[in-house]
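Since chain A is already given, all that's left is putting chain B on it; use the hints.
Just so you know, the sequences run in chain order A and B. Here the first sequence stands for residues 1 to 382, numbered as in this note's numbering. Here the second sequence stands for residues 1 to 382, numbered as in this note's numbering.
Among these hints, one or two may not hold up.
[Unchecked claim] Derived pair list, reagent style PhoX-like, types lysine-lysine, alpha-carbon separation capped at 25 Å:
| # | chain 1 | residue 1 | chain 2 | residue 2 |
| --- | --- | --- | --- | --- |
| 1 | B | 294 | A | 258 |
| 2 | A | 294 | B | 258 |
| 3 | A | 294 | A | 258 |
Just so you know, the hints here were simulated from the structure itself, not pulled from any lab data.
Number of protein chains: 2
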Amino acid sequence: MRISHPTTDRGDSRVVVVGGGLAGRVTAWRAAQRGLDVTVVEPSDARSASRVAAGMLTPASEAAFGEEPLMEFAVHSAGLYKGFVAELEAASGTDVGHHTTGTLMVAFDRDDLAVLTDLHELQQRLGVPTERLTSRACRKLEPMLAPSVRGGVLAPEDHSVDPRRLLQALAVAGERAGVREVADRAVEVTDGLSVRLAGGGTLEADQVVLAAGCWGNDIALPEPVLPTLRPVKGQLLRTRMPEGSEPLVHRTVRGLVKGSPVYLVPRGDGEIVVGATQEELGHDDSLTVGGLWKILRDARELVPGVTELEVTEACVGLRPGSPDNEPLLGPTRVPGLHLAAGHFRHGVLLTPATGEAMAQALTEGTLPAPARRFSADREDNT
Amino acid sequence: MRISHPTTDRGDSRVVVVGGGLAGRVTAWRAAQRGLDVTVVEPSDARSASRVAAGMLTPASEAAFGEEPLMEFAVHSAGLYKGFVAELEAASGTDVGHHTTGTLMVAFDRDDLAVLTDLHELQQRLGVPTERLTSRACRKLEPMLAPSVRGGVLAPEDHSVDPRRLLQALAVAGERAGVREVADRAVEVTDGLSVRLAGGGTLEADQVVLAAGCWGNDIALPEPVLPTLRPVKGQLLRTRMPEGSEPLVHRTVRGLVKGSPVYLVPRGDGEIVVGATQEELGHDDSLTVGGLWKILRDARELVPGVTELEVTEACVGLRPGSPDNEPLLGPTRVPGLHLAAGHFRHGVLLTPATGEAMAQALTEGTLPAPARRFSADREDNT
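Pulled out of the complex, with its shape left as it was, chain A reads as follows:
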């Protein structure tokens, strides 16, 4: 069903979104809801980081020193999630696997525990509800944890979602709201906002949103408004409980194992995502012996019973890191050309806030208050 909408009166109704990952698809859906005429351009062999992400919605456990403003934005987006999921599931008829049992962070040695203690103080300063737990209390929550756990922090409001289902739901909701789809690779956005495609065609637009992850830098632009994004490689494993067995963990469990982070994200359907490496190696997206070994070593330290899990898939994704690790949202100095880029490790968590910000950017030309700091046009963005 193609729905007709009244266009706005500013001649900016034709929007082309370059990129069909979470940032692109939430932008497309929200823009179509506002009455814009939206086309998403995504090659059929796209390798979006959204398809590889584990889907942790964990502003508390992701909190990091020096990243407080980003964490505030993350907390804002986390606050939108419940309503966002309800609206999206209704609009798409798709269950997105929203898992709301919280996140347990645990530490293994004295140094890991010191890091976790500092993190807990930061969480309290940011007003994120978390609770310090003894090792005994950790094991009471998650009996399969290794006995050597020294202590932990429970973040009851750090949830998770299945990013592949989320992506699928956004595609369906977008289509139902009138979003068109072009299966091709964008190679250039011209001065006049034509989007040239690898297949030879051209899409004329009033506004263009660049949301192509690490591949954004391969697209020619009239001015260099997109800084060079660092591909930060992540390797992870999708696994499954053997049939008929008890759940291995009941909530997302994140461990710091002798300084090395690892997580287990359980889904309602028995899947457990185990990850992930963080490697800055350029556009290399090979699965490596070293990457798998690191994940397996640390996951086994965290929950020895992972050895019983069946491996269903090994994945590699490239997270798009901006120069300051903060996302790039909204208008650039090229009139009509927007960014929804550089979400790095936070793309899934920031999806509702990205949709909110981009919808306002495309209809009013401005960013809402929580997103303003992350303006694509900010000074130090080079």
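Chain B alone, transformed into the frame defined by chain A:
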């Protein structure tokens, strides 16, 4: 090209081979060369252990106490390999990846070294040419070995082959010699040597060869002439050197790491097979976190540089183990029904000798001297 052959005068010219792994295909090729009218039955989704095997031709390093007769047969088959490969490559026009740089076995701790010393004595008793090496001499041969290697044994005549190429070459050579192919699953062999297929058809035969690996026990037989085979699960990784890098190892390297065996088998095309687990779990063929972890842990101990390898495939196969771990070859007490089964860990190495034995069994009804001990009709075979 269908070649016509004179048939034998015993009314046994129509041979159906059930199973398209190495045992089945070498039997089919050799039988067709002797003028028999051969059909191979193999389902298109077959998961033959031959496709997963690493392809080590290593009678010396596989030698084990209590298995001396099997090792003599293995040494006999290894002696046939060079001529077998030359004939098969000529007949099929297919390079089978025969790698003749020898095998280095290394030990890590004092116990591993004691095992290796005993093994070396056994090899000498069996007349297998091997050479005891200091840890320094091992590292001279393979500079990427871990410094903690305690010592080793070089088996210059323990080679390797690429089992997938070997299988492909046998299929082509067989086809060129007139072997027919039926893509279906055999469900029953009747008294009168009809082979009933899952798809509903029936193949009439004068002789039937059961060569279906662990799946042989799923086939109904007129008498229980096939003992229950144990599926012995093996998990392994296919990896690849990053482009432009030096070879990580120059020959097959086998390590005993604190009692746990691991190997690296390099191929001419840059592939390195890293394996393998040995698990007796019935027909379970899932890839597990524990299996991968064990392989990676031990491979890293053996050659720390494996971490740089790209993983191209993770495989699981089921080795068919007979009750006494020895193969089952030739005629059974059901007239015309033969076995080529139970090759366990040695299917690739025993391929030439299996072909030799089965060709004689199908044309003369007897086994050649080296194979006689492994008669499918032996007394204690239950």
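Outcome of the hint check:
For the suggested pair residue 294 of chain B and residue 258 of chain A, the alpha carbons sit about 20 Å apart, so the restraint of at most 25 Å is met. Distance check on the hinted pair: residue 294 of chain A and residue 258 of chain B sit about 20 Å apart at the alpha-carbon level, within 25 Å; holds. For the suggested pair residue 294 of chain A and residue 258 of chain A, the alpha carbons sit about 12 Å apart, so the restraint of at most 25 Å is met.
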